[in-house]
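Undergrad: Protein sequence lines correspond, in order, to chains V and X.
Last residue of the first sequence? That's 121 in numbering that gives the first Met the number 0, and every number before it is there in order.
Last residue of the second sequence? That's 721 in numbering that gives the first Met the number 0, and every number before it is there in order.
In case anyone wonders, no lab produced these hints; they're calculated from the structure.
Check before you lean on any hint, since a few could be wrong.
As the list claims (entries may be wrong) - Simulated crosslink set (SDA-like; lysine to any residue; CA at most 25 Å straight-line):
hint : chain 1 : residue 1 : chain 2 : residue 2
1    : X       : Lys514    : V       : Lys68
2    : X       : Lys514    : V       : Ile4
3    : X       : Lys627    : X       : Phe657
4    : V       : Lys101    : V       : Gly27
5    : X       : Lys549    : V       : Val92
6    : X       : Lys549    : X       : Asp448
7    : X       : Lys525    : V       : Asp14
8    : V       : Lys101    : X       : Phe557
9    : V       : Lys86     : X       : Gly538
10   : X       : Lys318    : X       : Glu38
11   : X       : Lys486    : X       : Lys318
12   : V       : Lys68     : V       : Asp25
13   : X       : Lys514    : V       : Val92
14   : X       : Lys700    : X       : Ile588
15   : X       : Lys524    : V       : Asp25
16   : X       : Lys484    : V       : Asp14
Since the model is a prediction, treat every value here as computed from it, not as a measurement.
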Amino acid sequence: MSDNIRLLYVEDEEDILAIAECALEDEGFDLLFCSSGLEALEKAEAFSPDILLLDVMMSGMDGPTTLEKLRKIPHFENIPALFLTAKVQPQEVNALLALGAKKVISKPFDVMTLADQIKDAL
Amino acid sequence: MHRYPLNIPISTAVIVGLLISSLVFIGVKHLEEQKLKQEFNNITLNIAKDFEKEINTQLYTLKSIATFFETAEFVDRYDFYTLVTPLYKRSSAFQAIEWIPIVPFEERNHYESFAISDGFPGFRFIEKSPKGAFIPAEKKEVYYPVFYLEPYQGNEAALGFDLGSESTRLSAINEALKSNAASASSPVSLIQGDYSKPATLVFVPISKKAKTSPDKKNKVSGFILGVIKLDLLLDGISPDKYRRSSEFKHINITLFENNDDMSRTFITSKNYPKENVSPAGNTKKYTIRNTQEIKFADKSWQIVIASNHYQYFFLPNLKPLFASGISVLFFITLIAHLISIMKQKDRAEENLEIKTASLISSEQSLQAIVENMADGLITINKEGVIESFNSTAEKIFGHTSEQIIGKNVSILMPEQFQSEQSHYLQQLSKPGREKIIDVGREVGGLKSDGTLVSIDLSLSEININNKPIFVGIFRDITERKKLEKMKNEFISTVSHELRTPLTSIRGALSIIINKSEDNFSDKTKKMLSTAEKNSKRLGELINDILDMEKLDAGMLSFRKDVLNANTVAKAAFEAGEGYAKKHNIMLSIKLHPSNDLMIWGDERRLLQVCANLLSNAIKFSPENSPVKIEVSSIENVVRFTVFDHGEGVSESFRSQLFERFSQADSSDTRQRGGTGLGLNISRAIIEKHKGKIDFYRTTDKQTAFYFEVPIYSEKQENKEHL
Numbered sequence: 000m001s002d003n004i005r006l007l008y009v010e011d012e013e014d015i016l017a018i019a020e021c022a023l024e025d026e027g028f029d030l031l032f033c034s035s036g037l038e039a040l041e042k043a044e045a046f047s048p049d050i051l052l053l054d055v056m057m058s059g060m061d062g063p064t065t066l067e068k069l070r071k072i073p074h075f076e077n078i079p080a081l082f083l084t085a086k087v088q089p090q091e092v093n094a095l096l097a098l099g100a101k102k103v104i105s106k107p108f109d110v111m112t113l114a115d116q117i118k119d120a121l
Numbered sequence: 000m001h002r003y004p005l006n007i008p009i010s011t012a013v014i015v016g017l018l019i020s021s022l023v024f025i026g027v028k029h030l031e032e033q034k035l036k037q038e039f040n041n042i043t044l045n046i047a048k049d050f051e052k053e054i055n056t057q058l059y060t061l062k063s064i065a066t067f068f069e070t071a072e073f074v075d076r077y078d079f080y081t082l083v084t085p086l087y088k089r090s091s092a093f094q095a096i097e098w099i100p101i102v103p104f105e106e107r108n109h110y111e112s113f114a115i116s117d118g119f120p121g122f123r124f125i126e127k128s129p130k131g132a133f134i135p136a137e138k139k140e141v142y143y144p145v146f147y148l149e150p151y152q153g154n155e156a157a158l159g160f161d162l163g164s165e166s167t168r169l170s171a172i173n174e175a176l177k178s179n180a181a182s183a184s185s186p187v188s189l190i191q192g193d194y195s196k197p198a199t200l201v202f203v204p205i206s207k208k209a210k211t212s213p214d215k216k217n218k219v220s221g222f223i224l225g226v227i228k229l230d231l232l233l234d235g236i237s238p239d240k241y242r243r244s245s246e247f248k249h250i251n252i253t254l255f256e257n258n259d260d261m262s263r264t265f266i267t268s269k270n271y272p273k274e275n276v277s278p279a280g281n282t283k284k285y286t287i288r289n290t291q292e293i294k295f296a297d298k299s300w301q302i303v304i305a306s307n308h309y310q311y312f313f314l315p316n317l318k319p320l321f322a323s324g325i326s327v328l329f330f331i332t333l334i335a336h337l338i339s340i341m342k343q344k345d346r347a348e349e350n351l352e353i354k355t356a357s358l359i360s361s362e363q364s365l366q367a368i369v370e371n372m373a374d375g376l377i378t379i380n381k382e383g384v385i386e387s388f389n390s391t392a393e394k395i396f397g398h399t400s401e402q403i404i405g406k407n408v409s410i411l412m413p414e415q416f417q418s419e420q421s422h423y424l425q426q427l428s429k430p431g432r433e434k435i436i437d438v439g440r441e442v443g444g445l446k447s448d449g450t451l452v453s454i455d456l457s458l459s460e461i462n463i464n465n466k467p468i469f470v471g472i473f474r475d476i477t478e479r480k481k482l483e484k485m486k487n488e489f490i491s492t493v494s495h496e497l498r499t500p501l502t503s504i505r506g507a508l509s510i511i512i513n514k515s516e517d518n519f520s521d522k523t524k525k526m527l528s529t530a531e532k533n534s535k536r537l538g539e540l541i542n543d544i545l546d547m548e549k550l551d552a553g554m555l556s557f558r559k560d561v562l563n564a565n566t567v568a569k570a571a572f573e574a575g576e577g578y579a580k581k582h583n584i585m586l587s588i589k590l591h592p593s594n595d596l597m598i599w600g601d602e603r604r605l606l607q608v609c610a611n612l613l614s615n616a617i618k619f620s621p622e623n624s625p626v627k628i629e630v631s632s633i634e635n636v637v638r639f640t641v642f643d644h645g646e647g648v649s650e651s652f653r654s655q656l657f658e659r660f661s662q663a664d665s666s667d668t669r670q671r672g673g674t675g676l677g678l679n680i681s682r683a684i685i686e687k688h689k690g691k692i693d694f695y696r697t698t699d700k701q702t703a704f705y706f707e708v709p710i711y712s713e714k715q716e717n718k719e720h721l
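One chain only, chain V, in its complex shape (with noise of 0.2 Å):
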């Protein structure tokens, strides 16, 4: 096993994806990308990540439901959880961040700093 980070990242906009994957390979990651909820609830428990990263408005499953029932497979109850929103309006975030998220990180976001942003969630 290495030190690596294992993220699990739930994204529905394949440019997005792209870049995130661009931004976050060199950083220490080991990364699973899914395209959807239910994508990511069959390959969650399997890849068993150390951390979550959601995106909040998706097609069929939404990043809220998402996070949902990952929490419900045994012991994803405490893994942290970070979304990834073009919701930026405080109540919006603060929504978000009742849900049991730690970090609410806006969109358009900083690719440069995307990889610390992740770790200080940690």
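Place chain X on chain V using the hints.
TA: Here is chain X on its own, set in the frame of chain V:
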């Protein structure tokens, strides 16, 4: 237009006034005349009575002398003298008192010689010749000589005069003989003394009881004659004691003898006061006269008393004039008063008419305005009972005014708001509130069909007859709210949809620039950096637009807290340092000397304002110039100021500076970057902090942008929590 009704009462009053004044005049005049007549009657009666009494006193005197003669055996000349002298002296009216015996021819010599023996040597019976000389009496069957005479002095000529020789005297003698009672002659001229003065001769018969006479009739043996001077008798009468008023100053008393043929003969006349002598018989100038009949012996006399009491033209005195004058004055006053009242009434009526007309028209126009106004209008009393409801209100709520007036306003409120709103109403009715108590409050309303309606309500309180009435003006904003919601959703969606591709672009550019830098030519690097810079700007623009819309919708929320002013400034300074370095600007900070200066605000928003001011200052400063952020306090506000050495803002642009999308030079937007929304958003944020934002030019040509927020106080916090 109202003149005719005015004239009727006034002319009536004038006529009535004149009528009453005339009646008063006539009445008072009549009363006065009656009074004066009464007084004059009284005077007249008394004068006549006095006169009658006086003259009858003389008659009584004569009768008593006659009685003496009848009872005495013989009365000699000396007896007569002693008896009569005190009697005639009692009254000045007696010219003389005489004894006249009836002497038959055969006893003439005896009587003549008897008188001679009494000491009158030339005594004889005499008569007057037609030429007026005294001559011895002719031979007659019987003589009526003046035999005793007192006082002798002054009457000498009458002694021995046969009274039967003169007709007037003889007829009186015959009367006395016939009636065996006192008889007075018509006024005669005396043969002795002052002839001009009228006198009456009163014969009182002396009748001795005739013992020898077969018919046992008393036989008249002679007469006692009283010569009474009537003018002297009148002298003894004074009307003064009967005069009560100041009237009848001049009184004339005239004595007439009534003749058998109903005519009368003037005897004498007298004026009072005495010096005012009027020609005898001329009583025409007198305006009032009374006649009294006087019985004296067998004669009937008239005493006519006349006076001129009319001192004023056809008036008894000034009283009627005075009374009617007062009456006229009274009516003039009354009429003047009446005129003024009528005029006042007229004016008042006119005013009332004008006012009523204008009231009616203003009420009508007010009613029309209220009914046709585009906004709903409701009035409720302090208990919440609806008192009026206009037609727009009917349309909004679906109730008719007939249905709703008199009901409680809660009927218009959705259940979930009812308790809240009744509490609100209670708050409103507390005293000491401002008259306009709410403007533009958005509330929910319940329509008649049970659906909800959003209304924008302005409430004000007015006092009518000391009762507070709440006037609510409202409009249906359901559609507006719907549109607003749609717009907000649209903006939110758009901004989200814009952000997502922007995230990819910025991320991609950032990765290329930062991770693959070495592989590109300088030109490519410059292009990439331009692309990155503009993608950032696009991101900021989206944020600003979003903020703006939130501000407009009042949905920009604030999380206020107690903040240290110096801490806020330091944070702003640190956030701006990187940007300043990039533009080669020397950024500095000057903190407030008091390190515990607290404010009440949303840190994130205040920092947003600071960042906006700093980025503007840095953007518009020449390279290598300083920019300074400073914290100061003035009275109860904290001021954050950013100084720069840029060109500044012209005064003419001041008014537009804080408006949207405004930059002093429109070309600036492209050169300097920025959305033109920053200051507008900043102003909105500062206003939400009850502060102000502005700028000025310093004396050393720096531009100073500042904002002020109040120094924290507990009150402020409490107030905002309400």
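Undergrad: All hints, please: hold or fail.
TA: Okay, the hints, checked on the actual structure:
| no. | hint | verdict |
| --- | --- | --- |
| 1 | X/Lys514 <-> V/Lys68 | 37 Å, violated |
| 2 | X/Lys514 <-> V/Ile4 | 21 Å, holds |
| 3 | X/Lys627 <-> X/Phe657 | 21 Å, holds |
| 4 | V/Lys101 <-> V/Gly27 | 20 Å, holds |
| 5 | X/Lys549 <-> V/Val92 | 15 Å, holds |
| 6 | X/Lys549 <-> X/Asp448 | 33 Å, violated |
| 7 | X/Lys525 <-> V/Asp14 | 24 Å, holds |
| 8 | V/Lys101 <-> X/Phe557 | 22 Å, holds |
| 9 | V/Lys86 <-> X/Gly538 | 13 Å, holds |
| 10 | X/Lys318 <-> X/Glu38 | 16 Å, holds |
| 11 | X/Lys486 <-> X/Lys318 | 104 Å, violated |
| 12 | V/Lys68 <-> V/Asp25 | 30 Å, violated |
| 13 | X/Lys514 <-> V/Val92 | 31 Å, violated |
| 14 | X/Lys700 <-> X/Ile588 | 19 Å, holds |
| 15 | X/Lys524 <-> V/Asp25 | 23 Å, holds |
| 16 | X/Lys484 <-> V/Asp14 | 31 Å, violated |
The structure fails to meet hints 1, 6, 11, 12, 13 and 16 from the earlier list, while all remaining hints are met.
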